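All chains, please: the whole structure from these sequences, using the hints.
Per our numbering, residue 2 is the first one in the sequence shown, and the count goes up by one each step.
The set of hints was computed from the structure by calculation and includes no laboratory data.
A few of these clues could be false.
[As the list claims (entries may be wrong)] Label-pair ranges, simulated between beta-carbon atoms:
#1 Ala102 to Gln181: 46 to 56 Å
#2 Gly23 to Met165: 19 to 29 Å
#3 Gln146 to Arg22: 22 to 32 Å
#4 Leu160 to Glu104: 23 to 33 Å
#5 Lys155 to Glu104: 19 to 29 Å
#6 Gln179 to Lys100: 23 to 33 Å
#7 Thr5 to Gln109: 47 to 57 Å
#8 Gly23 to Ala102: 32 to 42 Å
#9 Leu160 to Arg43: 23 to 33 Å
#10 Gln166 to Gln109: 36 to 46 Å
#11 Lys79 to Lys20: 16 to 26 Å
#12 Ala101 to Lys76: 35 to 45 Å
#13 Gln179 to Glu99: 37 to 47 Å
Please read these numbers as outputs of a predicted model, since none were measured by experiment.
We treat Cβ as the ideally placed atom computed from N, Cα and C, and that holds for glycine.
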Amino acid sequence: MLLTEVITTEPCQFKARTKERGSAWTEIAERLASCGLKVTKRSVREKFDKLMKDFLKKESEEKKQSGIRLDQSLKDIKERTAEFEELREGEEQKQKKEKAAAEEMIRQATEKLSETKKRKASLEYPNSTSMVDVVKEIVELKNWQQERYERINKRELDLRASEMQQQQLFEQSLLQQQHQFLQQQQALNVSMMSALTELLKVRGKGY
2 MLLTEVITTE PCQFKARTKE RGSAWTEIAE RLASCGLKVT KRSVREKFDK LMKDFLKKES
62 EEKKQSGIRL DQSLKDIKER TAEFEELREG EEQKQKKEKA AAEEMIRQAT EKLSETKKRK
122 ASLEYPNSTS MVDVVKEIVE LKNWQQERYE RINKRELDLR ASEMQQQQLF EQSLLQQQHQ
182 FLQQQQALNV SMMSALTELL KVRGKGY
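Structure representation (C-alpha cells):
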C-alpha cells in the first residue's frame with residue numbers, strides 16, 4: 002500500500018529537503034492513516050527509504066527474482082526519480098545561462114548609459130544620438146526579458162504536460178502488470194485445483 006501511494010503522489014518530482022516534497026510525504030501519511038494504519042510522515046518516509054536502500058543493494062548484487070511486484074514497483078520509482086532529477090538539472094542549467102546573459106546585457110547597457118552621462122556637457126546632437134541608442138538598447142533588453150519570461154512559462158507548461166502524459170502511461174503499465182499477475186495467480190489456482198481433484202479421484206479408486 003505504501004508503494005502504491007508513493008507511485009501515485011511521486012514525492013520524487015520535488016527537490017530533496019524542500020517544502021513541496023515534505024507536503025507530498027504528509028499527504029501519503031494522511032491517506033495511509035485514513036485506512037487505519039498508525040503512521041506519521043517521518044515513519045512512512047523512513048520505511049520507504051529502507052525499502053529503496055534494500056532494493057538497491059539487492060539490485061547491485063544482480064539477484065533476479067521473477068514475479069515479485071515489490072521489486073518492480075521500487076524499480077519503477079527509482080527510474081522516475083532519476084527522470085525528475087535529470088529534468089530539474091537541465092532546467093536549472095538553462096535558467097542559469099539565461100540569467101547570466103541577461104545580467105551581461107544589463108551591465109553593458111548600464112556602462113554605456115554611465116559613459117554617456119559622463120560625456121554629456123551640453124545638449125549637443127552627438128550626445129542626443131548616444132542617449133537614443135542607449136534607450137533603444139534598454140527597450141530591446143526589456144523586450145528580450147519579456148520573450149524569455151514567455152519562453153520559460155511555455156517550457157514549464159510543456160514539461161507539466163509531458164509529466165502528466167508519462168504519469169498516465171506509467172499507471173497504465175502498472176495496471177497491466179497487476180492484471181497479468183492476477184491472471185497468473187488465477188491460472189495457478191486452477192491448476193492446483195485440477196491437480197487436487199485428480200489426486201482425490203486416484204485415492205478414491207484406491208479405496
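A quick look at each hint next to the structure:
1. The hint said 46 to 56 Å for the Cβ distance between Ala102 and Gln181, and at roughly 51 Å that hint holds.
2. Between Gly23 and Met165 the beta carbon distance is about 23 Å. The supplied range of 19 to 29 Å therefore holds.
3. Between Gln146 and Arg22 the beta carbon distance is about 31 Å. The supplied range of 22 to 32 Å therefore holds.
4. Evaluation of the 23 to 33 Å hint for Leu160 and Glu104 yields a pass: the beta carbon distance comes to about 24 Å.
5. Checked against the given bound of 19 to 29 Å, the beta carbons of Lys155 and Glu104, roughly 22 Å apart, stay inside it.
6. In this structure the hint that Gln179 and Lys100 lie 23 to 33 Å apart at CB is violated, the actual value being about 45 Å.
7. For the pair Thr5 and Gln109, the supplied restraint of 47 to 57 Å holds, since their beta-carbon distance comes to about 55 Å.
8. Take Gly23 and Ala102: their Cβ atoms lie about 34 Å apart, and the range 32 to 42 Å holds.
9. Taken as a hint, the range 23 to 33 Å holds for the pair Leu160 and Arg43, whose Cβ atoms sit roughly 30 Å apart.
10. Taken as a hint, the range 36 to 46 Å holds for the pair Gln166 and Gln109, whose Cβ atoms sit roughly 42 Å apart.
11. Taken as a hint, the range 16 to 26 Å holds for the pair Lys79 and Lys20, whose Cβ atoms sit roughly 24 Å apart.
12. For the hinted restraint 35 to 45 Å between Ala101 and Lys76, the CB-CB distance of approximately 38 Å keeps it satisfied.
13. Restraint check, Gln179 to Glu99: a C-beta distance of roughly 43 Å satisfies the suggested window 37 to 47 Å.
The structure fails to meet hint 6 from the earlier list, while all remaining hints are met.
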